[in-house]
Structure formats: C-alpha cells, structure tokens
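Chains as they are written, first to last, in the working numbering: chain A, 1 to 329; chain B, 1001 to 1573.
Fair warning: there could be bad hints in the mix.
Cut-off 27 Å, straight-line C-alpha distance, at most; resulting in silico cross-link-like pairs (DSS-like, lysine-lysine) [what the hints assert, rightly or not]: (1) K1219/B <-> K1207/B; (2) K1064/B <-> K1194/B; (3) K1153/B <-> K1197/B; (4) K1398/B <-> K120/A; (5) K1219/B <-> K1194/B; (6) K1456/B <-> K1439/B; (7) K1398/B <-> K264/A; (8) K1390/B <-> K71/A; (9) K306/A <-> K264/A; (10) K306/A <-> K1390/B; (11) K70/A <-> K1390/B; (12) K120/A <-> K1390/B; (13) K306/A <-> K1194/B; (14) K264/A <-> K1229/B; (15) K1064/B <-> K1197/B; (16) K306/A <-> K120/A.
Selected chain B positions facing chain A (Cβ under 10 Å, derived; list incomplete) [claimed, not checked]: (17) I1026; (18) V1176; (19) R1247; (20) E1248; (21) P1250; (22) P1321; (23) K1323; (24) R1358; (25) V1360; (26) E1361; (27) I1382; (28) L1399; (29) E1406; (30) A1409; (31) T1411; (32) Y1412.
Hints were generated in silico from the structure; no laboratory data involved. Idealized CB from N, CA, C, for every residue including glycine.
What follows is the residue order along each chain.
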Amino acid sequence: MNEQYNFIVSSSPHIRTPRGTRVIMLDVLIALCPALVASLIFFGWRPIMLTAVSVACCVLFEYLYRLLMKKPQSVDDLSAVVTGVLIAFCLPPTAPWWLPVIGAFFAIIIVKQLFGGIGKNFLNPALAARAFLLASYAVLMTSWAPSNFANVDAATYATPLASLSGGALSNVSLGAMFLGNTGGCVGEISALALLLGGAWLVYRRVISLRIPVSFIGTVAIVTLIFSRGNPHFLWMLQNLFSGGLLLGAIFMATDYCTSPVTPKGQIIFGVGCGLLTVLIRYFGSYPEGVSYAILIMNLTVWMIDKATPPRRFGVVKAPRTKKSEEAAK
Amino acid sequence: MLFKSHGGVHPNDKKAPANEAWISTIPQPPQVVIPMSQHIGAPCTPLVAVGDEVRLGQKIGEAKAPVSAPVHASVSGRVTAIEPRLNNLGNMVTAVVIENDFKDTPADTVAPAPEEALSDPELIAGIIREAGIVGMGGATFPTAFKITSGWGKVDTVIINGAECEPYITSDHRTMVEHPRELLQGIQLIMRACKVDKAYFGIELNKKFAMDMLNFHGAKDMGIEIVPLKCQYPQGAEKTLIQTITGREVPPGGLPAQVGCAVFNTFTSYSVYRAAYEGLPAIERVVTVSGSAIAAPKNVLVRVGTPMQWVFEQTGGFAKTPWKIIMGGPMMGLAQYDLNVPCGKGTAALLAFSEDENRTVENPVCIRCGQCIDACPMNLQPIYMYMYEEKGDIEMMQKLNLTDCVECGACTYICPGRLHLTHAFKTGKAKLQAYNAALKAREEAEKARAEAEAAAKAAAEAEKPAEPEKPAEPEKPAEPEKPAEPEKPEKPAEAPAEPEAVEETVEAEEAVEEVIEAEEAADEPVEAEEAAGEPVEAGGFILEPVEADEAAGEPADAFEFPDEPAQDNEAGGN
Chain A
1 MNEQYNFIVS
11 SSPHIRTPRG
21 TRVIMLDVLI
31 ALCPALVASL
41 IFFGWRPIML
51 TAVSVACCVL
61 FEYLYRLLMK
71 KPQSVDDLSA
81 VVTGVLIAFC
91 LPPTAPWWLP
101 VIGAFFAIII
111 VKQLFGGIGK
121 NFLNPALAAR
131 AFLLASYAVL
141 MTSWAPSNFA
151 NVDAATYATP
161 LASLSGGALS
171 NVSLGAMFLG
181 NTGGCVGEIS
191 ALALLLGGAW
201 LVYRRVISLR
211 IPVSFIGTVA
221 IVTLIFSRGN
231 PHFLWMLQNL
241 FSGGLLLGAI
251 FMATDYCTSP
261 VTPKGQIIFG
271 VGCGLLTVLI
281 RYFGSYPEGV
291 SYAILIMNLT
301 VWMIDKATPP
311 RRFGVVKAPR
321 TKKSEEAAK
Chain B
1001 MLFKSHGGVH
1011 PNDKKAPANE
1021 AWISTIPQPP
1031 QVVIPMSQHI
1041 GAPCTPLVAV
1051 GDEVRLGQKI
1061 GEAKAPVSAP
1071 VHASVSGRVT
1081 AIEPRLNNLG
1091 NMVTAVVIEN
1101 DFKDTPADTV
1111 APAPEEALSD
1121 PELIAGIIRE
1131 AGIVGMGGAT
1141 FPTAFKITSG
1151 WGKVDTVIIN
1161 GAECEPYITS
1171 DHRTMVEHPR
1181 ELLQGIQLIM
1191 RACKVDKAYF
1201 GIELNKKFAM
1211 DMLNFHGAKD
1221 MGIEIVPLKC
1231 QYPQGAEKTL
1241 IQTITGREVP
1251 PGGLPAQVGC
1261 AVFNTFTSYS
1271 VYRAAYEGLP
1281 AIERVVTVSG
1291 SAIAAPKNVL
1301 VRVGTPMQWV
1311 FEQTGGFAKT
1321 PWKIIMGGPM
1331 MGLAQYDLNV
1341 PCGKGTAALL
1351 AFSEDENRTV
1361 ENPVCIRCGQ
1371 CIDACPMNLQ
1381 PIYMYMYEEK
1391 GDIEMMQKLN
1401 LTDCVECGAC
1411 TYICPGRLHL
1421 THAFKTGKAK
1431 LQAYNAALKA
1441 REEAEKARAE
1451 AEAAAKAAAE
1461 AEKPAEPEKP
1471 AEPEKPAEPE
1481 KPAEPEKPEK
1491 PAEAPAEPEA
1501 VEETVEAEEA
1511 VEEVIEAEEA
1521 ADEPVEAEEA
1531 AGEPVEAGGF
1541 ILEPVEADEA
1551 AGEPADAFEF
1561 PDEPAQDNEA
1571 GGN
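Here chain A stands alone, though its shape is the one from the complex (with noise of 0.2 Å):
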C-alpha cells in the first residue's frame, strides 16, 4: 500500500482558507462595481471606456514587466485590474483615453513594480498615478462636467467640492450628492455606490470597519466642530458625500499594502487621514485633500505598526483570581 502513493509531507496545518489573494482581489472588484455603474448613469459611456483603458494597461504593464524581469507572473492575483479600476476612479469623465495609460504606467511599473511587486509598495499605486497626473496635466485633471441630468451650465459648472472649498456651502441638494447626480471624478461621485461597496467588503470581511469609521469619523468630527457653514450639520454631510472621502475612505485607505496592519495602527492610520484630508481642505490651495492625506498617511505605516504592537498575551494583564475564586464559590 506504501508504495502506491507519494506522501506529500509538509509543516501544519494541512488546511487553508478557500479565501486567497484573487478571491479578496475578485471582492474587491465586486464591491466597486455599483461605483462604475453609478458613473455609468451619471456620466455615459465615457468612464467605462477610461475604466477599460485604464484596467488593461496596468495587466499589460504587469504582465509585461514581469516577464521581462523574468520574475514569477503575478496578473492573476487580479491586484492589477483593482488598481486599474482604482485609477481611473481618480480620473475626471472627461479626460483623454491616453491620460489612464500614462497613470497605470506610473503606478504599475514605477509605485508597485520597482518596489517588488504586490505588497511590497509603499504608496497606494492608484493614489499616486493620481497625483502623478495631476501635477503633470493639472487642467486635464481638472476639468469637471456635470453629470447628465444635473440641470447646470456645464460651462460654469463647479463640483461641490469647490464651492466648500472657497468656504460657502454648495447648491447642490444632499439628495443628489448622496445618489451621485453631481460632478467629480468618475468613482468619487455616488455616496450610495460607494457605501454599497464598503458593506460588501465588510460582509466578506475583505476589510474591517477601523480605517473607514476611523477616517470617516474624524472628518465628521473636524467639520462639525470648525464648520465654515449653516447649518454645521449640513456643511459637515456635504463634507462627507463630496469629493473623494468615501472613495478613499473604504477603497484607497484601506489598501492592505499601504496601511497599518496592528488594529490600534488602523485606527491612527485613519484618525490621521482625517486630520490630513480636513487640514488641506481648509487650507491647501488644491480643494481635496483626501488623495494627499492618504498618500502622506501611508509614509508613517511603518513608524505606526511598529509603535502600536498588540498587547503580549499573558503579560500586562494580572491574573483575575479574585475573581474566578468568586465565580467558583
């Protein structure tokens, strides 16, 4: 009987979770589709396309530049295609097909490639092709339109985001902001899309609640207390539903690779986001905040997970033994 079988022998466990890196990957990708179909609605063909371009060029890059490195090929773990959708969230609708292909380049080959790879990358790639491409071509990057059934003048159109910027509340109904009929980049727009998509991962247990509620929380917090409009409790909301914050929040910040893995790490992690994302909203010449505060945010990851190390079981916690002793009477 022995000789009929090869015995694999190996270190336990013998048993993994059915749940690799493609299957968080393939959750990921899942939760962000009801973004992409709220820009779908909002803004037509056009950020399907950017998607599209945007999604096959980071493959491409990967693939290309695994090979030539003669490295493993990573393409199937599915992290590229989350990236290239995360890039071209970060893209307005009507920016050029070719403006995605020069993001995925950055962020594939430059942010995660020449650090090695998947996890090994410091800056969140999608955020860092965003601020790539905007220092570069500040006006493509910049150029809003107003969804299509917003009822503006495309021409004098101004997102949300920049009217809270210049410290006057926006005209745009919380209804609207919250569904997504408003401008922006082609993912930030839909409130409701995105905290869809937050659920899922939340469900699957792809990410846990600290950096979100975390982040969220803070600028919640900070916007209500240092509110620039009236009622505060609308400037705080508007402050939540515009611009990148819940996009970030749930997809950008949480991006294993660039945040703390120890949970207090989490917590400051996204308490620090917050602050950042306030601070340059009220004071920085740029009206968000949010992709700068994360990408600053994830220079500290290692300063932060080493300082915040769990607690050594066994150690600080004194034995309850008066307690037990009761229990046991």
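Once you've looked at the hints, dock chain B against the given chain A.
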C-alpha cells in the same frame, strides 16, 4: 454564558461525516508495534524480551524518571522483535513488536482499583501513572506528573472538550456515548488534583454532548459545562484557560502558574477506565476522516495498530490520498509511511486528496494583517515571518517569537499562502541555537576571566615589595600558574554590529556541544526533552491543548543577556 477569546479563525469544521457515526470496533491487527516513547519525557526501557509471551494490559516498558509514562501491551501474544521503528514524529524509536494471538488474555494487573484507593489523591495519581495515561489530545504530557506537580498550585481543573480542530469527532463521540464514565473520570481527576470544581469547556457545535453530560448530572458532581464559541484554536491550552477563567498564562509559563490544570476529554475517560476497569491506556477512539476517505467514522483502535490497518479496515481510500495526517488538520503531523503505529495521542487519522492542496508556487505577503487578527497569542506573524526569513535574531526575540504556540491559525488564514507556522518552528530552533551559543560564550568568558584573575593574583604575588598594594593574594606565588592563561585578550575581529545570519550559522556549530553539556548537566527531564526537539514538540500536537508544555519550556530556558551587541563572538568559543 458564552465566552469569547481574542484571535482565532473559523475553518469549516468538516465534522459532519463522522459526527453521528457511533464508535465502532475494527478487527485487531495481526501485529502491533508499540513504541517505547509515546509521551513527552524519558523514553521507556522494554521490560520484556524477544520471545516472551505477553498479556493484554501487561506493562512492557517503563522509565524511572518522574516525567514519563509506562507503556502496556495492547494485545496478548508473543514479542517477536524489539527494534527501532518509525514513529509519528519521523524518528526511529525502540518499539516492541507483538504478534497477536487474538485471545486478549488479560494480565493480572488488569483489575479495578479498590474502592478505598479512589479517595486518596496520591493513590489516584499512582493509578494514573501506572496506567500510562498521557495527554490524549496529542501533546502526550504524562498526566500523573501534571497532577502531582500541580499540588498546592492548582485551584481550577479545566477539561478540554473544545475539539476545535476540524474533522475530529472522537472526543465528541466519547462525550455522547460515555457521558457517565467520562464524568466519573473527571471526578477522579478533581480528587487527584485536590480541587472540587471543574470546568468542562465544550464548543457550541456539540450541543447534544452538553445535554448528555448535563443529563448525567455534571452539575451535581461540581463539573460546570462551559459552552465555547466555535473558533480555532479554542482548545489551545492558554486560550482555553483565558476564555474560561480570564487568567492568562505568562509567556513561557505553565498553566499551574495561574492555578489551572487542563485535561483532555479522552484523558479523563482513560482515567475512568484505568480506575474502574483496570485497563491501562492501550486503546483509544480515532476519527478516520478526510476527503480521500471512503467512509469517515470513529473507531476504537488499539495502541500500536499500524495506520495502514486502520485505513484498510475502515473502508480504505475513495480517492488517491495526497497527504496522510496523524492528528488534526491544523496541528497534526503529516506522515509518509503507513506503517507508523497509532499511539496514545492519536485522535484522528486523516487522508486528504490533492483537492485540498492550496499551496502556491510563489507565496507572497500582501500585508493584509489577517494573521495578526487570527493570532491567539497576540503576536505579529507578518513581521515575525519577515525577520525569520532574514534570520534577524534580535527582532525575532523582540517580537516574542517563542510565544508562538504553533496553532497554525495565521497560516490557515493567510491569503498569500505563506508558510508562517513552518517559519516560526524554524525560527524557534534558530533562537534556541543562538541562545545556547551565547551561554557557551558566557561560560567560556567566565572561565577565561577566572583564569586571568588567577594569573593576575599570581603575578602580584610575585612582587610583594610594593607597599601600596597590600598582600591581596592569599596564595603564595606559584610560578607555574601564570603560564596557563596565555590567551591574549583580543578585541573582537568581527564587525561591531554582526549580521544575525552569521551568528546563527556560528551558533549552530556551537550548539551541539552545548546541548551535550546541558544534557550532562542534570537538567530536569522534561526541559531536556522539550529543548531537544522544540520543533516537533509543538508540532505533533493534535489539538494545541498541551502543546505549550513542550513548546513553552525552551522559552524558559532562554536567558538573553542585556547587551546583545557583543554577540560577534557568539560561536567563536
């Protein structure tokens, strides 16, 4: 009341196929192979010779050391060989091979203990020791020693019925089919431990077993059934103590330090059988399951039965087996030879087909941090792995790598398919080698310092003319002596901040001598054993229950000096 602990993973428990299968018997094998070491501690010496007739339950091996457990013949028949055989740890150990005569003639010693003996702790412990009972969850720590060493310290007895490993149902079936006997066994353990309260932790997927035990009066016996959340590793000793009592066993410590003693379900049942039926630990319930198994079931298996026989008698394989595991899928040991005999701690035999293979060619960490959430010991597997790969001893120590109980939760959950547990086992070995080398260096330095001091003293004694220095030396000048410590005090040639990797290599060289020296130095047996094989010690565990006994010891033995910066000489001496 539902208790919850930090960390943990939720693998599909896969218990369904064997959960409702009554414990059945299989035909006895024509030959049993009984290893002389089926426990943590000193191996036994055979008490029989080739050609001897042995009877069922007859003691055939014993060791005088306190941490040991005798072994008994599990069938009656004739001893045909006493030779090294492969055991479940992959080692060749002395084993007694008995040709079965299928008569099951019991030995004279197989008789119920007298009633009066069952009220005295020492006598009960004696019965347990004589019956060769060990931690049946897989750690196989001698139960009698656990009881006697806990006297005066232990105030809480915990019975581990979590059975948190997937697939295994042997404890569950024991609870359901022998609740009365099990409770009586627990009562004996409580009496032996001199406590009158026991907690019986059972995971919620065994509700029927809880009902059975309650129905049979667990409460009246002072045994509280504690429902536990289904979560791996709920049955790990430290985790179990924490969830039930709220106490945390300190790093490297033993449960007795927080007043707890944990016993496995089947151990308790074996205690009952030893006391009331006189039967030593020669038989146990084994779950045969896994994706390659044709008919999963629970069978009563005699100790020493080769795995092959068990598989054949339970219906064989439905698919080509790819991996054979003795124990649970999370902590069990993969086997490569089906002739390996089942032992006292074998709660399950699993055969997986290749469908279960989820290893990847190129494991990559994606920094998801799920390992940190999963770790029951609050460690950071992600960073431990990183530094272990680099061989960074200092960081491994800083991250408390030795706290790892090797439960495998992090490896299970890892989406990047990293071999985390494997790395930590290796890392522990590296740390141990390093510490041994440090110790060796310290001793050498001490010896050198003494020699130098002696030389100095001798040198000063030679010139007593100087009045400033009063006659310090008490010994008269011995001109021969200064010749001895010729060693020049050479400053380290190695760079100031040595590479950890090099240290390890050097350390490994040095460690062999040191281990020999330590063994000679009359160390307590269990420490010696555990220290000798830290990797296996935690690894062959079926449920992590008592794993720490073994895995924890080396941690105790380590004493890291205050200034690790001078380690460059580590291996040099």
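Against the structure, the hints:
In summary, the hint linking K1219/B to K1207/B is supported, as the alpha carbons are separated by about 16 Å, within the 27 Å threshold. Taking the CA atoms of K1064/B and K1194/B, the gap is about 25 Å. The hint holds against a cut of 27 Å. Note on K1153/B and K1197/B: the hinted pairing holds, with a Cα-Cα distance of about 14 Å set against a maximum of 27 Å. The straight-line distance between the Cα atoms of K1398/B and K120/A is roughly 23 Å, inside the 27 Å bound, and the hint therefore holds.
Between K1219/B and K1194/B, the direct Cα distance comes to roughly 18 Å. Compliance with the 27 Å bound is thereby established for this hinted pair. The suggested pairing of K1456/B with K1439/B holds, with an alpha-carbon distance near 25 Å, which does not exceed 27 Å. Between the alpha carbons of K1398/B and K264/A the distance comes to roughly 19 Å, so the proposed pair stays at or under 27 Å and holds. As the CA atoms of K1390/B and K71/A are separated by approximately 21 Å, the hinted pair is consistent with the 27 Å bound.
Between K306/A and K264/A the CA atoms are separated by roughly 11 Å; this keeps the pair inside 27 Å, and the hint holds. With a C-alpha separation of about 18 Å, the suggested pair K306/A and K1390/B falls inside the 27 Å cut-off, and the hint holds. For a cut-off of 27 Å, the pair hint linking K70/A to K1390/B stands: about 23 Å separates their Cα positions. With a CA separation close to 16 Å, the supplied pair K120/A and K1390/B stays within the 27 Å bound.
Under the criterion of a C-alpha separation no larger than 27 Å, the hint pairing K306/A with K1194/B is inconsistent with the structure, at around 46 Å. Proposed proximity of K264/A and K1229/B is supported: the alpha carbons are some 25 Å apart, at most 27 Å. At roughly 32 Å between alpha-carbon atoms, K1064/B and K1197/B are farther apart than 27 Å, so this suggested pair is violated. Only pairs whose Cα atoms come within 27 Å are accepted, and K306/A paired with K120/A is accepted, the gap being roughly 17 Å.
A hinted interface residue such as I1026/B counts as satisfied when its beta carbon comes closer than 10 Å to some beta carbon of chain A; here the least separation is about 16 Å, so the hint is violated. The interface hint given for V1176/B is violated, since its Cβ lies 25 Å from the closest Cβ of chain A, which is over the 10 Å cut-off. Given hint, R1247/B at the interface with chain A, holds; its Cβ is 4 Å from that chain's nearest Cβ, closer than 10 Å. Given the 10 Å rule on beta carbons, the hint for E1248/B holds: about 4 Å separates it from the nearest Cβ of chain A.
With a cut of 10 Å, the hint placing P1250/B at the interface with chain A holds, because the nearest CB-to-CB distance is about 4 Å. The interface hint given for P1321/B holds, since its Cβ lies 6 Å from the closest Cβ of chain A, which is under the 10 Å cut-off. Interface restraint check: K1323/B against chain A, minimum CB-CB distance 5 Å, threshold 10 Å, status holds. Below 10 Å, beta-carbon pairs count as interface contacts, and R1358/B has one with chain A at about 4 Å; its hint therefore holds.
Nearest Cβ of chain A to the Cβ of V1360/B: about 8 Å, under the 10 Å cut. The hint holds. This hint holds: E1361/B has a C-beta 7 Å from the nearest C-beta of chain A, less than the 10 Å allowed. Nearest Cβ of chain A to the Cβ of I1382/B: about 6 Å, under the 10 Å cut. The hint holds. The interface hint given for L1399/B holds, since its Cβ lies 8 Å from the closest Cβ of chain A, which is under the 10 Å cut-off.
Proximity of E1406/B to chain A holds as hinted, the smallest CB-CB distance being about 7 Å (cut-off 10 Å). This hint holds: A1409/B has a C-beta 8 Å from the nearest C-beta of chain A, less than the 10 Å allowed. The restraint placing T1411/B at the interface with chain A holds, with a minimum CB-CB distance near 5 Å, inside the 10 Å limit. At its closest, the beta carbon of Y1412/B sits 5 Å from a beta carbon of chain A; the interface hint therefore holds under the 10 Å criterion.
Hints 13, 15, 17, 18 from the list above are not met by this structure, while the remaining hints are.
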